[in-house]
Amino acid sequence: MNDLAWIDAALRSSRPRAIAALTRYFRDLDQAEEAFQEASLRALRNWPEKGPPRDPTAWLVMVARNFAIDDIRRHRKFQALPDDDLISDLDDRETEMADRLDETHYRDDILRLLFVCCHPDLPATQQIPLALRIVSGLTVSEIARAFLVSEAAMEQRITRAKRQVAEAEIPFTTPDAVERSERVGLVATMIYLLFNEGYSASGGSAHIRTPLCDEAIRLGRLLMRLFPSEPEIMGLLALLLLQHSRAPARLDASGAIVLLEDQDRGLWNREFIEEGLALIDKALRHRRPGPFQVQAVIAGVHAHARSAEDTDWKEISLHYGLLERLQPSPVVTLNRAVAISRAEGPSAALELVEPLADALGSYFHFHGVRGGLLQQLGREAEARAAFDRAIALARTPSEAAHIRQHLDRLVSSP
Amino acid sequence: MLYAILCYHDERVVESWTKAEDDAVIAKRRKVTGRLAEQGKLGPVVRLMPTTAAVTIRSGNKPLVLDGPFAETKEQLLGFYIVDCESLDEAIAAARDIKGDERDGAFEVRPLRLFDPGTAGK
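Chains as they are written, first to last, in the numbering used here: chain A, 1 to 414; chain B, 1 to 122.
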């Protein structure tokens, strides 16, 4: 790996800790970002020649602070400072700072930074771009591309979000235990939403959106290092890894979504699967089940199955039952019904599905699942009506195409 | 004489490598290990999972299983075992057995990402 690639990786991995520390120091996001940016430029000039510092994050924070202080002085006195190399005598102080920059020490700062991005006042459409910009350090143009909007529109969205969080004045005091756990929960949800932004992409947008999944996994790892004993965070990271393991098999050559049961399991990323399963093992030891853990376990059951036919649907339906109790929602019930249709047959499943009509009447998958069950039960006219309804509600061409296959089968069956 | 070569790196930086960069590093390492293997000088090669997958058994009045890697600096790495277990619980049980009634020291249990048994020392 060349110097630039190494430095780039070091800057990216240092960024959340450095920005968090600088935001605490300056009490201002923009100033923190600007100072980090300057320190990064100096790193690019300095490191190839002098070699990487022992603790890149500490180096960046020190240089960024010095830069900002110089900047303030320069503005105040209108006098140029000598263009000296600030970094030369840094080594001792750097060593001293290295210990203090430990992640757990800065835990509340980093959590605060993440929390700022998913502040309840911000809509999800702003939370995720803000986190990608501030915490992950993606450029506005990269984020705009991922969200399929113009750079100017994304710039505006991020600026508006920044203004809003500045006005919200989230305190810098150390949060108490309740507040901390609320923040952790919100941040975990934001990371999951970010992952889904990347994961739900299809067609032409799929390729450019996978970086969102990678960023979500990186943030999940960051959160887990901050809170190493939280089983739900282990569950979140496991879930992301297990879902992402299927990425190489999820799209066919034309970019259409390949359903789980039709995927070539040989393409699944074994390393992600192994790590996801290891994290589930670790989480379950705590015996404090939560929605992310249960969903991870379900993803783990799929990962274990050598083929679609080998899938343990009984196990999956039991876990959906548990998820329903932890986080009741008609969509979860619908998923349980799908598992039950595989484990016990279509009529037991349809009994669960019919009462969901009010809640899920405008949901594409509801009509798709219901149509499929009716079809299996030989109620073809009703099945056709349900599939028609699903097509009308499809959000992407590949969703509609998938339902049309069912309809074609109905037409061609005797 | 058999030697162990232990790899240390900031895993946060390694995680920030792109897949292509990671593959390139591994390919470069493979050239070296390939040569060593041809000479019959290569023993087991292991790549560990990130420390987020680790638990640590600490000594105390009762052995304590903590989430996360071993992070103290006052003890030194003195050796390791590779065990093939069905579950993390089984691996923890094995580590506890190894620890026995020793009153100090720590045993970190971390899953492997890659394992190549090698041939040297046989």
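Rather than coming from a laboratory, the hints here were simulated on the basis of the structure. The reader is advised that the hints may include incorrect statements.
Said to hold, decoys possible - Derived coverage of chain B by chain A (criterion: at least 3 residues anywhere in the stretch with Cβ under 8 angstroms from a Cβ of chain A; other residues may be distant):
#1 15 to 22
#2 95 to 107
To be verified - Taking CB as the label site, the calculated pair distances span:
#3 B:97 - A:181: 34 to 44 angstroms
#4 A:120 - B:24: 20 to 30 angstroms
#5 A:41 - B:89: 48 to 58 angstroms
#6 B:45 - A:41: 30 to 40 angstroms
#7 A:304 - B:117: 45 to 55 angstroms
What the hints assert, rightly or not - Residues from chain B that keep clear of chain A, each with C-beta distances beyond 12 angstroms, as calculated:
#8 35
#9 49
#10 56
#11 71
#12 82
#13 118
Only a predicted model underlies this, so the values are computations on that prediction, with no experimental measurement involved. Ideal Cβ placement from N, Cα and C applies to all residues, glycine included.
Hint check results:
no., hint, verdict
1, 15 to 22, "holds (count 4)"
2, 95 to 107, "violated (count 0)"
3, B:97 - A:181: 34 to 44 angstroms, "holds, 36 angstroms"
4, A:120 - B:24: 20 to 30 angstroms, "violated, 43 angstroms"
5, A:41 - B:89: 48 to 58 angstroms, "holds, 49 angstroms"
6, B:45 - A:41: 30 to 40 angstroms, "holds, 39 angstroms"
7, A:304 - B:117: 45 to 55 angstroms, "violated, 25 angstroms"
8, 35, "holds, 20 angstroms"
9, 49, "violated, 5 angstroms"
10, 56, "violated, 10 angstroms"
11, 71, "violated, 9 angstroms"
12, 82, "holds, 15 angstroms"
13, 118, "holds, 20 angstroms"
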